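Since the structure of chain P is provided, determine the placement of chain H on it from the hints.
Chains P and H are the protein sequences, given in the same order. With my numbering as the guide, the letters of the first sequence map in order to residues 1 to 385. With my numbering as the guide, the letters of the second sequence map in order to residues 1 to 237.
DSSO-like cross-link-like pairs, simulated, lysine-lysine; straight-line CA separation at most 27 Å: (1) Lys191(H) to Lys125(H); (2) Lys73(H) to Lys373(P); (3) Lys117(H) to Lys373(P); (4) Lys381(P) to Lys141(H).
Read the hints as simulated data drawn from the structure, not as lab findings. Bear in mind that the values here come from a model prediction, so they are computed numbers and not experimental data.
Spelled out, the chains give:
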Amino acid sequence: MSIKLALRNLLGAGLRTWLNVIVLSFSYVIIIWYQGLIDGWNVQARRDMIAWEIAQGQYWHEAYDSYDPFTLEDSHGSIPDNLAGGNVAPILITQGTIYPEGRIQGVILKGIAKDQQVLRLPTDRLIKENGEIPVLVGKRMATNNKLKEGDYLTLRWRDSNGTFDATEVRIAGIFSTDVPSVDQGNVWLTLEDLQQMTQSEGEATLIVSGSESLNNMNISGWDFKSMDFLLADLDQIIKQKSVGGSIMYILLLLLAMLAIFDTQILSIFRRQKEIGTFIALGMTRKQVVKLFTIEGGMNSVLAALVGAVYGVPLLIMQYKVGYAMPYEPDDFGIAISEVIYPSYSLGLILGTIIIVMLTATIVSYIPARKIAKMNPTDAIKGKIQ
Amino acid sequence: MEKSSIIEINNLIKRFPVGGGFFTALDDINLSFSKGEFTGIVGPSGSGKTTLLNILGSLDVPTEGEATVLDKKISTLSHKQAAQLRNGHIGFIFQTYNLLPVYTVYENVEFPLLLLKMPAREREKAVQEAIEWVGLTDKIKSKPAQLSGGESQRVAIARAMVKKPELVLADEPTANLDSENSHHILRTMEKLNNDLNTTFIFATHDEKVMSYLKRIIRLEDGQVVKDDWMELKEAAS
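Pulled out of the complex, with its shape left as it was, chain P reads as follows (with noise of 0.2 Å):
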């Protein structure tokens, strides 16, 4: 009965529900877009990542600093045997220098199996042609040292004996990722050639796994580093997101708590005749302060049809369309593309709609509350002020 008499009540108010139906739509759907793009980004940095920089999870040589570039000159071994031939894409790090335009730059020189399909890398594109040494950069890299694909590029490297050498190189390919560790600062070469340059035949500073059978293997002079590991500083810069974004999720919840918070106290008041008359034809102040408070959360419930109306349309185009960001993805500094695509899983959808719902009876609990209070032969007369 309280429900067939909310939904009575709310739809014979007419404009003053749907106001407060909408409002409360725009919240469902803000939310849920929002933390719908927060998920896309992390969902997109992570996926990136993994297909550009991580796969399956790495083995690092033991001397291996990936904090400290320093110490790249003695953290490479030989290529394990039992990786060695496997679906592993080896990589060989030096330190290096390069003369963009007279300008010295310092690099991290990566070599890298032309042939590997462990990474997303277009490492085909290391043609050698003519005897000159083919190297890839990242889209930003070029861009910020003003590179084309063709130019030539003197770089300057030490060997493993620590003897300064120098060449020219060309620009075999530049490539587009959202991974900037992959791109910012970084120029491949082939493995061959980097090996060849620094005179550390068949060895590597780590080698990526392609594989989960090969993980976790027992090899001396290497560690083994899982992708949640390799993740890790991802995934705290997701938790820092994930704080901003509760503290959005929150602030939308509290603008839409109190509309319907103000609604609820103002119905109390200006429908105080009503409630006497309720109580004077035989409700009980249980049942007023229930259909109250059902009134309350119906309109979260009329909320989140009207919100689907329009809302669900909205979120598949923006879902099909992409967020382009307004912002220079670099200055995030981690993997972020020019274009988010944001993810709703159902977790999400029903999540927010269940709290909405929630608090939205909850707050309008509280105002009805007060109807228990009153006293109905003065609600009659309208005479509570």
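Here is chain H on its own, set in the frame of chain P:
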């Protein structure tokens, strides 16, 4: 033939706190009402008419003494029991109609039956019948804002009568109506009183109402100063 009593009021006192002291709205009231009465409680403003009606309707409780309505002692009723008494046995008619503004005429009249959890088919029949009693069949889908004062009060009567209560309490039912509408309303209530043997108790100071009443109880300063049975008077004269 002795009529059965449905209301007994014994030594009833009602006081309201005012400032530091108390205002006595009803002072030692002793009355008895029988089934089928068409009675008016009359008196000037502030004489205690509405307070007495509110107590009889279990919307308020006596400070001292007792009012027994349909064998229920008002002062001992819990909120829930009082609501059950109102819902099942008492109809209210207010001076300002108190229709639910977002409901149609049909929905307003239907409301008490929803509280009684009456089955839909029975409910529909009862609502149609009540709306026919007051002659508003053509306004069934109208909302209160689309009705005149007289029509609104007729809806209020239909709402009070739809559950066929033993007792109807009407607080100044004609105060906001013109003469023609007042007579129309009173004739309707008089007919329902005769046809259904429902007890009507009015709080009024409207002369038009008094001419319809079978019994007039005059209150002044919270005390009963006169209790006249008009039928007996007429017979005597």
